[in-house]
Amino acid sequence: MKGAVFTNFQEMIEDEFGMECWEALLEKCDLPSGGIYTSASTYDDQEILSLVGALSEYSNTPVPSLVEAFGRYLYDGLANSLPPSMMTYPDLWSLLEAVDSVIHVEVNKLYPDALTPKIIVTEKHDNGVTLYYQSPRKMCLLAIGLVHKAAESFGTPVTIQHTCCMNEGADHCSLLVEYIE
Amino acid sequence: MDYEAAFLRERKARKNAESVLEKKSRELHFTNLSLTENIDSLHFSVLENKFLAHIGRYGIERPRLRDFLPTIVNDMMRLSEIPFAAYCHFPFDEKQGNFHSYLLQNPDIANGETLEIKSSEVEGLITEVEPLIRKSGRTHLQVLDLVIDNRPIDTMIALPIICLDRLSGIIILFTKELTSKQNQALNVFRTGIKQLAIIMEHRYQEDKLQATYEEISATNAALKQTQKKLMQSEKMATVGQLSAGIAHEINNPMGFIKGNMGALNDYVTDFIRYVETAKTLTEQSLQSSDNEVNNAAKGLNKIWNDVDMPFLIEDSQHLLNESQQGIKRIIDIVGGLKRFSRQSDNKKESCDLNQIIDEALKLAHNELKFKGTVSKEVSPVQPISGNSGELLQVFLNLFVNASHAMNEQGELTIHVSENAGGVSIKVADNGCGIDQKHLDAIFDPFFTTKEVGVGTGLGLSISHGIIEDHQGTIGVTSEPGKGTEFHIWLPYEKVA
Ligand code: HEM
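Note that the protein sequences, when read in sequence, are chains E and W. Counting in UniProt numbering, the first sequence runs from 1 upward without gaps. Counting in UniProt numbering, the second sequence runs from 1 upward without gaps.
Here chain E stands alone, though its shape is the one from the complex:
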């Protein structure tokens, strides 16, 4: 996982739970990186899983909600890291369509070692879309958080139904994203 994800995670902890929490998590997890993250490097996926697990214990919150919450937090951090000219989408739907074909492509250009998921708009409905998610990391909840936050940034909050999920044995996830009437 890219360092940017870790630095954003660290910031989220510091913002929400304070620096002591971050120190406590690091101490608990005893990570190979020692918790020294920079955005340009890449770190073992296990580190983020350990950190999220430790946070769950620390905060008494189930892992899934934490991951989704982190997705919401992460969105701004990621969006701001791009040159502003690349984030000029008129609405949520055009942004979602651009994630796989433009945004993650840019990410991979910048970091050839990045491993972005497959996120494709497979169906368009009157008031929403169906997203297809596929990744060995099975971090669909992170995607849900990211999409929620993206929707808010356009001022159009959405509901997301997880109609099938990789964590339940499917070969991909389907996310039905719809405007709230």
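Think of the hints as simulated: they come from the structure by calculation, not from any bench. Misleading hints may appear alongside valid ones.
Unchecked claim - With a cut-off of at most 16 angstroms between alpha-carbon atoms, the simulated EDC-like pairs for lysine to aspartate or glutamate come out as follows:
| id | chain 1 | residue 1 | chain 2 | residue 2 |
| --- | --- | --- | --- | --- |
| 1 | E | K28 | E | E57 |
| 2 | W | K23 | E | E106 |
| 3 | W | K279 | W | D306 |
| 4 | E | K109 | W | E37 |
Following the hints, position chain W with the ligand against chain E.
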């Protein structure tokens, strides 16, 4: 000390550093990208150059197109990163037969080797595409749904090689999803193939020119030879004319010599009668008692004995006979010469073939006399209508040829008989015979196995012409070492 402010400053510094890093990273990416593009286009140019250089080599090293096409097709697969290809060759020389290759695999994929894959599916496609290309003369693109060697194939591109308005070959490429780079490569291929066609055209013209040149040289040589031979036959004709003149000149004195010899013979007979009677008188006078008579008789008797009168009497008759035979021979030969030289006049007359053959034998006597025996098996035949001079020439020619073929133990057999409404003549010798390969050309003008200057090579071709003129046939069989037999057939009545 406010550590938190210091920490936040440091955190901000790190973030700035990270964003600078990201910017650099992005720049690096673009530099990288253009570098890769440059390398790609360089790589492409190198392959393109190689491809075009190979095509150029076709013009210089002049390989056969069939041997050369695989090189070009391999180049094309490498250049365009197309996995499979095949080609057809339709040679100019139709005797060579058309050629369809197997499916070839890109050597870059197949570990540096060109694999040949047999695929009836692909062969079927090639056979289908050929008539389409023949009709359009253009590049043909076709969508397919194929899997070759575990690779999905969805596009077939068939490029025609058209040289001198004729389809000389087709190069067929099989690929999946034509990329823009492959499209670019296709343009290079089209140019390359056009260039190839132009070189082929030049080569074709060059070869044709060379062939024409060789033909002209051969014709020229043949003409020179013909000229030489014509000069020779001109000489022969002159000799013929000369001999006709001489024959005429000889004929006149020969006429009176013959007459004189006849008279002389009569005179000598009278002389001998007189001398023999006078001898009886001398014998009686020797017995006489009259001295005067006796002496005169003795004188006469002495002369008788001195000149050996009995021998004189016998030898004079002999000499006269011999001379008269000689004169007859001279007259015969001169007559033959006259006929021989009269070959151009086309008068048809009644010809007694046996007589003509005899005459020819007499004329050839000089050639034949040291070459063994001549035997004739002749049955009486009716005369035919023809030109006796020409026919004489035919037989003379055969006899002279036979004499050249034979050594001292030669045997020339002449057989004349009636056959199939005409006269059949067979002239056989037991000479050296004629090779089969020469036998076919024997009646061709100027064909000769004799040394230059010995024969004109015209004899048998003229004979052939003469016999044909008489509506007859002439043929030959021969066995090397055993001899040769010519058979002539001449019809009694000529078909108009
Ligand atoms: C609604 C929009 C987006 C969605 C739904 C989305 C989704 C995701 C998800 C689910 C992952 C986790 C990796 C995985 O599941 O395999 C991910 C990774 C990532 N995304 Fe996005 N993303 C979005 C927008 C962006 C934007 C705007 C950026 C801007 C740079 C970005 C940059 C990245 C990066 C750097 C990673 C980490 C890849 C790695 O660690 O190898 N994403 N994204």
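Results for each hint:
1. Pair hint K28/E plus E57/E holds up; C-alpha atoms about 11 angstroms apart against a cutoff of 16 angstroms.
2. The hinted pair formed by K23/W and E106/E meets the criterion: a straight-line CA distance of about 13 angstroms does not exceed 16 angstroms.
3. Distance check on the hinted pair: K279/W and D306/W sit about 14 angstroms apart at the alpha-carbon level, within 16 angstroms; holds.
4. For the hint linking K109/E to E37/W, the alpha-carbon distance of about 15 angstroms falls within 16 angstroms, and the restraint holds.
Every hint, counting from the list given before, is met by this structure.
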